[in-house]
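> Listed below are the residues making up each chain.
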Amino acid sequence: MENKNLVNDPSYHPDQGITAAEQLLSSYKEFLAQSTKLFPKVDQKLLLDIVHFETTYKDWEGSVLIRIVYSSNSQVNTEKKKEEIYEKYQKMPEEVKEDRTLRVKLIRMYIKNLEELINSDNDIEFISGSATLTPSDSYSDSP
Amino acid sequence: MESERKNRIVEDWQSLVNKPVYSSNGKDIGIVQAIQPEFFITSFGSITKDRYLIPKASLQSINSGIIYIKEDSDFVEQNFKFE
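Going down the list, the protein sequences come from chains H and W. Position one of the first sequence corresponds to residue 1 (the working numbering), numbered consecutively onward. Position one of the second sequence corresponds to residue 144 (the working numbering), numbered consecutively onward.
Take every hint as true, because none was put in to throw you off.
27 angstroms max Cα-Cα, derived BS3-like pairs, lysine-lysine:
| hint | chain 1 | residue 1 | chain 2 | residue 2 |
| --- | --- | --- | --- | --- |
| 1 | W | K199 | H | K41 |
| 2 | W | K192 | H | K91 |
| 3 | W | K199 | H | K29 |
| 4 | W | K192 | H | K97 |
| 5 | W | K213 | H | K97 |
| 6 | W | K162 | W | K199 |
| 7 | H | K29 | W | K162 |
| 8 | H | K45 | W | K192 |
| 9 | H | K41 | W | K162 |
| 10 | H | K41 | H | K112 |
| 11 | W | K192 | H | K82 |
| 12 | H | K45 | H | K29 |
| 13 | W | K199 | H | K37 |
| 14 | W | K192 | H | K81 |
| 15 | W | K199 | H | K97 |
| 16 | W | K170 | H | K97 |
| 17 | W | K162 | H | K45 |
| 18 | H | K41 | W | K192 |
| 19 | H | K41 | W | K213 |
| 20 | W | K162 | H | K97 |
| 21 | W | K199 | H | K45 |
| 22 | W | K162 | H | K37 |
| 23 | H | K81 | H | K41 |
| 24 | W | K213 | W | K162 |
It is worth saying that the hints were derived from the structure and are not from the lab. The model shown is predicted, which means the values in this text are computed figures rather than measured ones.
I would like the entire structure built from these sequences, with the hints used as guidance.
Here it is, written out as structure tokens:
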């Protein structure tokens with residue numbers, strides 16, 4: 001049985017034999033590909049969680065726990081990086097892996113802020129972590 | 144160029160998730176956890192996991208479902224470990 005909503009969609013052509021499910025999956029794959037292209041340095045799950053919370057809950061405070069991984073090829077001064085992050089967000093990161101990874105819990109880290117963070121520091125190689133619905137002081141997180 | 148060649152060899156990187164990864168000297172680097180545009184992430188250990196950010200260009204071969212990378216375990220520890 002054809003999906004009524006899909007049938008009402010002017011871009012839908014029954015002759016092509018594309019079901020609503022197939023079209024939805026195809027659109028989702030395109031969305032994932034686009035997110036990867038736009039934010040190549042961000043873990044996709046973190047990115048999608050932020051997008052989900054930001055678009056679903058208008059009063060979401062942008063609570064995230066992020067791990068900032070710096071390039072192992074460049075001689076990064078993580079103490080200086082800690083100070084830079086503190087100046088910017090008033091939160092002091094902790095060092096997870098010497099000379100490489102900082103972990104920090106932040107609020108008001110929306111997609112545009114994530115983009116700004118990445119664009120502001122070319123030494124950042126990768127950002128992973130998790131977004132939470134409510135702010136927490138705890139540093140325990142799932143991978 | 145090299146990474147483009149690897150991308151051609153591995154048409155579906157997502158299919159590598161949950162596959163084991165070994166260094167060139169035969170050390171276990173963990174299991175592929177996630178695929179990123181330029182890297183794949185492996186995790187090793189059960190409780191306090193070590194995590195490695197491995198460039199896709201490091202992939203050497205895939206044999207019987209096991210992924211082998213070009214670098215040895217010392218190099219991996221020094222350059223790819225991020226947590």
